[in-house]
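> One letter stands for each residue in the lines below.
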Amino acid sequence: MGGESATRITPGNALRPEDIALEVRTGLAKPTEDVAEYALRLGDDGLILAQRLGHWISRGPELEEDVALGNIALDQLGHARSFLTYAGGAWDKTEDELAYFRREHEFRSAAIFEQPNGDFAATIARQFIVSYYQFELYRRLTESTDATLAAIAAKAVKEVDYHRDHSAQWVLRLAGGTEESRARMIQGLKQMWPYVAELFQDDELTTRLTETGAAVAPSTLKADFDRLTGEILAEAELEVPVVPAAPGGGRHGRHSEHLGYLLAEMQVLAREYPGASW
Amino acid sequence: MEANAQRDTDSQAKDRQDADGQANFDRVIAEDSRIEPKDWMPDAYRKTLLRQISQHAHSEIIGMQPEANWISRAPSLKRKAILMAKVQDEAGHGLYLYSAAETLGQTRDKMTADLIAGKARYSSIFNYPARTWADMGAIGWLVDGAAICNQVPLCRASYGPYGRAMVRVCKEESFHQRQGFEILLELAHGTPEQKQMAQDAVNRWYAPALMMFGPPDDDSPNSKQSMAWNIKRFSNDELRSRFVGMMVEQVRVLGLTLPDSEIRFNEDTKKWEHGPLDWDEFHEVLAGRGPCNAQRLERRREAHDDGAWVREAAAAYAAKQSLKTKEYAA
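Respectively, the protein sequence lines represent chains A and B.
Each residue of the first sequence is one higher than the one before, counting from 0 in numbering that gives the first Met the number 0.
Each residue of the second sequence is one higher than the one before, counting from 0 in numbering that gives the first Met the number 0.
None of these hints come from the bench; they were simulated from the model.
Remember, predicted model here, so these are calculated numbers, not experimental data.
Where hints are given, some of them may not hold.
Claimed, not checked - Derived pair list, reagent style PhoX-like, types lysine-lysine, alpha-carbon separation capped at 25 Å:
{"#": "1", "chain 1": "B", "residue 1": "Lys-13", "chain 2": "B", "residue 2": "Lys-37"}
{"#": "2", "chain 1": "B", "residue 1": "Lys-77", "chain 2": "B", "residue 2": "Lys-194"}
{"#": "3", "chain 1": "B", "residue 1": "Lys-223", "chain 2": "B", "residue 2": "Lys-269"}
{"#": "4", "chain 1": "A", "residue 1": "Lys-189", "chain 2": "A", "residue 2": "Lys-221"}
{"#": "5", "chain 1": "B", "residue 1": "Lys-77", "chain 2": "A", "residue 2": "Lys-92"}
{"#": "6", "chain 1": "A", "residue 1": "Lys-29", "chain 2": "B", "residue 2": "Lys-77"}
{"#": "7", "chain 1": "A", "residue 1": "Lys-157", "chain 2": "B", "residue 2": "Lys-77"}
{"#": "8", "chain 1": "A", "residue 1": "Lys-221", "chain 2": "A", "residue 2": "Lys-157"}
Unchecked claim - Computed from the model, here is a short list of chain B residues facing chain A with C-beta under 10 Å:
{"#": "9", "residue": "Ala-90"}
{"#": "10", "residue": "Arg-298"}
{"#": "11", "residue": "Ala-313"}
Beta carbons: idealized from backbone N, C-alpha and C, even for Gly.
Kindly produce the complete structure, drawing on both the sequences and the hints.
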């Protein structure tokens, strides 16, 4: 369960946000406006998820889960820092300026990432969807024509592979555990499944970037996502929830009511002391 | 009659085993070598260790809370990542220590039950609130600093599993202390408000950190026996004095001050001395009447209760899986 993050398995090979910041500063890497917008989406996904998962540290059902969910949160935050640092290169902004001083409608995360933790089953359902989606995305993004996106993805995909394993093991355990855990797992999946569709929606930005080979069209990830999550659900003797899809809009700054509270908490201290260094 | 005779033989055999065990134990302690879980050990030694290691484990777990309190509000993403990793390390320390305690014959479940029932103790320092971001610095620098002073000698504790767990814990604690120092250094060189925030945090955490070493030597009844058993290597006052000496040096680099005008180096004893500490407050907090005692325990209880169905599910699933494996093998 959990396992060690890939950064620790391959010391020295891991790309750090500081390395990207240096490349951006020295002009070695400069994203186009489109690539920056795209990196902002992926960075916001990781950041918002890390913020949610961080809440579990000291509140998990077992100490082992405090460690595992903490690890996953750290990995997500690490990806976010890399993507945001790179995105900021187009607008002369740091990761912190982007994280702490943008307003809600300027965030580009999809709705699933900001969904409240709920009970442990809801958190696992969200992790299950997100980690299988991110794995397919990052796996393909390692071949991006944008070298920095490819490098971030190469590091991230190894870590997200562990996240998949963690969530799949828990889906099986909760579904096959007690009556209560099975009911909660079913409920958790029902709660999170409406936000699956948005993850696989193409739009003008992804279409333009797919043509240059920098990005991956989200719609092309769906078949593998369906197949692989379907295998785990079948093994757990669970059905893919039949629920209406939420309309989405996160990629264009239209968020659920949950994000405002999350940002208010995350940004409060940085905004209390604008310009301060920490 | 026969049964009595049998009992006598059994009890004689046990006496002989105890005598052999005690002789071996005494030899190991005299050689400053290590006792391992399967070795014979006096009951009092086992109890002392169990109390100390479980309290230490509980301290790591409760100690996560004041810092976890700031994860969501950390003022930069780098600081957020470092803080998350630090609090996660503390969960890891709790795990090693509970495992070490389990080798003495107590289950983690029982220790956890004692903690949430309010029957077990943990370091009283975690019953103080972490009010500002600078507290993340002061906790790392002072609290983890005091913990390191206490714990480095424990790496040589006579009980093997404890000593080995402490080696790992100490490596990580030294990172924790450095990150705390770095937070304070950054604040001390920041805006006047940031510097004030740092000074205020140091002022609040200084005395509780000094009290982490435990009561003065003349009021510490268990210390002498622990030292005879090579569990404890230095007295509470000795360690406290060393700690004060280290902090005096480091606070200068920070450009902050310690809230104690009576700190001085005694040339005669070659030891650092400090002003009086409020031991009444220490005993009040230890007795459960500190600012956050109720809150800390309630939070642990809530997490434990909320997670009960998850642990039951994991156990039920594991049982079903092992049954399946057996059926398959048959």
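> For each hint, tell me whether it holds in the structure or not.
Quick rundown of the hints versus the structure:
1. For the hint pairing Lys-13 (chain B) with Lys-37 (chain B), the CA-to-CA distance comes to about 16 Å; that is within 25 Å, so the pair holds.
2. Our distance criterion of 25 Å between C-alpha atoms is met by Lys-77 (chain B) and Lys-194 (chain B), whose separation comes to about 20 Å.
3. Taking the CA atoms of Lys-223 (chain B) and Lys-269 (chain B), the gap is about 22 Å. The hint holds against a cut of 25 Å.
4. For a cut-off of 25 Å, the pair hint linking Lys-189 (chain A) to Lys-221 (chain A) stands: about 18 Å separates their Cα positions.
5. Proposed proximity of Lys-77 (chain B) and Lys-92 (chain A) is supported: the alpha carbons are some 15 Å apart, at most 25 Å.
6. With a C-alpha separation of about 22 Å, the suggested pair Lys-29 (chain A) and Lys-77 (chain B) falls inside the 25 Å cut-off, and the hint holds.
7. Restraint check: the Cα-Cα separation between Lys-157 (chain A) and Lys-77 (chain B) comes to about 21 Å, which is no more than 25 Å; the hinted pair holds.
8. Using a Cα cut-off of 25 Å, the hinted pair Lys-221 (chain A) and Lys-157 (chain A) holds, with the two alpha carbons roughly 20 Å apart.
9. Interface hint status for Ala-90 (chain B): upheld, as the beta-carbon distance to the closest one in chain A is roughly 4 Å, under 10 Å.
10. Nearest Cβ of chain A to the Cβ of Arg-298 (chain B): about 7 Å, under the 10 Å cut. The hint holds.
11. Residue-level restraint check for Ala-313 (chain B) holds (minimum Cβ-Cβ distance to chain A is 5 Å; threshold 10 Å).
Comparing the model with each earlier hint shows no violations; every hint is respected.
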